[in-house]
Amino acid sequence: MAVFQLPSLSPEIPFRFTPTPLKFSNRRRINFFRPLSATDDSRSGAPDPESPNQMFILGMGFVGGFFAQQLKESDWVVSGTCRSDSKKKEWEKRGINLHPFSADSPEWSLLDSVKDYTHLLISIPPLADIGDPMLRNVELVRDKLSSGNLRWLCYLSSTSVYGDCGGAWVNEK
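Just so we're aligned: 171 in UniProt numbering is position 171 of the sequence shown, and the numbers increase by one with no gaps anywhere.
Don't read these hints as lab results, they were simulated from the structure.
Since this is a predicted model, take the numbers as computed values, not measurements.
Where a beta carbon is used, it is the ideal one built from N, C-alpha and C, also for glycine.
Heads up, some of the hints might be wrong.
Stated by the list, open to error - Here are the computed distance ranges between Cβ atoms for each label pair:
# : residue 1 : residue 2 : range
1 : Asn-149   : Gln-69    : 21 to 29 Å
2 : Ser-109   : Trp-169   : 22 to 30 Å
3 : Lys-115   : Trp-169   : 34 to 42 Å
4 : Val-63    : Ser-102   : 15 to 23 Å
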């Protein structure tokens, strides 16, 4: 497994994960592991077996939402999870289907549908009482996802190590 460290950048600045770019918009480039082209049938939130561009985002908060919007604008199939019905309705207006998911009492059967996607972004923060729900259940997650179409997985560790910065941007300097 390769580990990549990201520079401290705001979403306004192009990200560089690896040398091979994905095609998003003309304004920004976000790089993952290999180039993938958009398909015509990528507007719905349901996985399409023919499309190489299908992202499921566990945790549609600020970071997950940023990626979802960028991917959707680039004709990816995008779906994910959220905790509230209001957020689910808000994202569905934008054409992104969300599934209810609570990390404190997770419904792991959701992972059965996640394995139909080609890409998975995990952006769920740790919980005070149990820590990181994904790491706590890593064997279950691995078993559920190993038999699917998943080709790329990104796990974001928590930004909560910085504490409450009052909404200000935080960097490593």
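Evaluated hints:
In this structure, Asn-149 and Gln-69 meet the distance hint of 21 to 29 Å, their C-beta atoms being roughly 23 Å apart. About 38 Å separates the C-beta atoms of Ser-109 and Trp-169, a value inconsistent with the hinted range of 22 to 30 Å. Distance hint check: the CB atoms of Lys-115 and Trp-169 are about 35 Å apart, consistent with the given range 34 to 42 Å. Distance hint check for Val-63 and Ser-102: the Cβ-Cβ separation is about 19 Å, which falls inside the suggested range of 15 to 23 Å.
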